[in-house]
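Below, each chain spelled out in residue letters.
There are 2 protein chains.
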Amino acid sequence: MTTVSRAFNEKAIIKAETRKNILAIADKIGYVPNFNARGLVTKKKFIIGVFFSSLHDGTSTSFFSAAIGSLYDALPDNYLLSINDIKRVNSFEQLVQNRVDGVLVVSQSDDDDEFIYQVKSSGIPLVVINRYISDREICNIASDDFAGLKDGVDYIASRGHKRIGMIEGIAGFTSSVQRRQGFDQSVISNNLTPVEAAIKIGDYSSKTGQEKMAEILALPKEQQPTCVVCGNDDTAIGALRACYLNGVKVPDDISLIGFDDIFYSSVSIPSLTTIRKPIGQMAGLGIKDLIAIINGEKVDIANRVKIQPQLVVRESVAKL
Amino acid sequence: MTTVSRAFNEKAIIKAETRKNILAIADKIGYVPNFNARGLVTKKKFIIGVFFSSLHDGTSTSFFSAAIGSLYDALPDNYLLSINDIKRVNSFEQLVQNRVDGVLVVSQSDDDDEFIYQVKSSGIPLVVINRYISDREICNIASDDFAGLKDGVDYIASRGHKRIGMIEGIAGFTSSVQRRQGFDQSVISNNLTPVEAAIKIGDYSSKTGQEKMAEILALPKEQQPTCVVCGNDDTAIGALRACYLNGVKVPDDISLIGFDDIFYSSVSIPSLTTIRKPIGQMAGLGIKDLIAIINGEKVDIANRVKIQPQLVVRESVAKL
DNA sequence: CTGTTAGCGCCTTCAC
DNA sequence: GTGAAGGCGCTAACAG
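Here the protein sequences come in this chain order: A and B. First residue of the first sequence: 15, per the numbering used here; consecutive thereafter. First residue of the second sequence: 15, per the numbering used here; consecutive thereafter.
Don't take every hint at face value.
It does not matter which identical chain is used: a pair holds within one copy or between any two.
What the hints assert, rightly or not - Within a straight-line C-alpha distance of at most 27 Å, the following computed DSSO-like cross-link-like pairs (lysine-lysine) qualify:
hint	residue 1	residue 2
1	Lys-302	Lys-312
2	Lys-58	Lys-312
3	Lys-42	Lys-101
4	Lys-42	Lys-134
5	Lys-235	Lys-312
6	Lys-34	Lys-235
7	Lys-58	Lys-34
Since the hints were made in silico from the structure, they are not lab data.
Can you make the complete structure from the sequences, with help from the hints?
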């Protein structure tokens, strides 16, 4: 019995031949170790909990799918992924403490902090991706949105734009703040003119993007910016639609740039110049770190990983 | 010990007051039953396996997110969802037999049949949604794509269109066949003219939608259809882009209709008239049936549930 | 390197 | 209505 157990446990000491024989027989009779029994002894569940800020709103569908795809690519065999919604965690003990070996938070908002600290203080292995966490005791992998947006606006400047506007993300979100700072930084270094009346607070949704863009287009012609920076692609897609409804041509009459590089930004009309957020990389590295922590390996948690986003040039920014 | 166990099991016989007391104490000391131990005895895993045809290609991201959202809405507490990719099931025993209480297949293609029958023959509770399965021993919930497409083409006819084309879905997929039949049916009953040279085989992707639409637009003006029916919204979004690149205005110069009602069809330029596929309903009913089967309740498996899709009128079909 | 023993935490008998 | 005993299938500790 023990020998069979050892045959199925990688690190166990067992003669190679014995293992081979056992595995062969197991395969023949269709034997597979029982996870419940194994877990009862080892206190493991072989399940990773993945928690999104929200499965319903806020999370762009492309973002969600891309994240899950990459998560699976990096996940060891025999681990299961339990996808969850932070807002729907009724019983922390029941859903988290007692059912998963580790937690990966795909965080989009400060609102998640309560949950994150609950996990942290309960001692469950934890990795937070997608949003910068200042607490250096939490393993964190984020994208450098500041640099990303700065690159984007630098590109706009290089195309000859001077007067620019912006439709920001949700007020208070780390990503919104960082993107705005990248915007400001590039405005300064390129000596651009931010158009006050064309800088709006949005909420990362297409609907609001459309509304805010309509407001910008309603400004007197001479007060309008030549390019509007959108907090994300969903916002830009809404903005695109506002232009369409107002008979304004993109990029001929006004230029637009997004952030994220969701799938539909490549097929929108016109296709969207944007900044690609490395969601796949973040997810992959996140899982790898989390598994390492679970296995008790040393991970340099204090090392704030920042992955560089990448400018994707398509059709929505005109050369002036 | 036994009494505590009973307190946590709904159907157990126990004095209401005793249960209340136990639950209160459990709550205070943070006790939660251990799932592994419980499962070891009851042979349950409290995990539902959800299997998609493919997490990577083929599955529209909106479709995927919508399905998962609805799945969770219908899932009993204390159940976990394990989202998987049929193509990535390496070890059936390890990933399925030994880890989940039931399987929900969100099927998009005949290719899934092998997996579906493997589940069926292993006796694991099974529900297949999203694609029609003729085997009446399998619980099946699908949408009536035939009726959906017929409604769509009827609508087109009511707008005065006569000459129509089509970019079909992936050859061989049940959904492609049914949609095509709905198309044919409406063509006959409305006495429309299907334009042979404008009926193309696509693959449900935007890329191919764009290519095929470009071919249609390359036809001599007088041979072109006034409306093209697209196999799904992704195809239509690609087609929209082909029109844009060729300077053809939708719906002024040519009309387009999609299928699915993915999120981006509401913000595309122009927004897409389409047929809403009831993915949420299918997922919800599917989980409900699956749980019932798991719990040994009687479910009328032979009853082929067909949910009606719904026409969503937006901007892409002109009135002639 | 392999086998023996004990026990993980719960639920299911069966007594009371 | 409640409690005592046994065992689910596995792995850890120990002996050989």
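Each hint, compared with the structure:
1. Lys-302 x Lys-312: within (12 Å within a copy, 44 Å between copies)
2. Lys-58 x Lys-312: within (19 Å within a copy, 35 Å between copies)
3. Lys-42 x Lys-101: between (45 Å within a copy, 23 Å between copies)
4. Lys-42 x Lys-134: The answer is between: 20 Å across copies meets 27 Å, while 44 Å in one copy does not.
5. Lys-235 x Lys-312: Classified as neither: same-chain Cα gap 59 Å, cross-chain 68 Å, threshold 27 Å.
6. Lys-34 x Lys-235: Answer is neither: 77 Å inside a copy and 69 Å across each miss the 27 Å cutoff.
7. Lys-58 x Lys-34: For Lys-58 and Lys-34, the Cα distance is within 27 Å only inside one copy (26 Å; across copies 30 Å).
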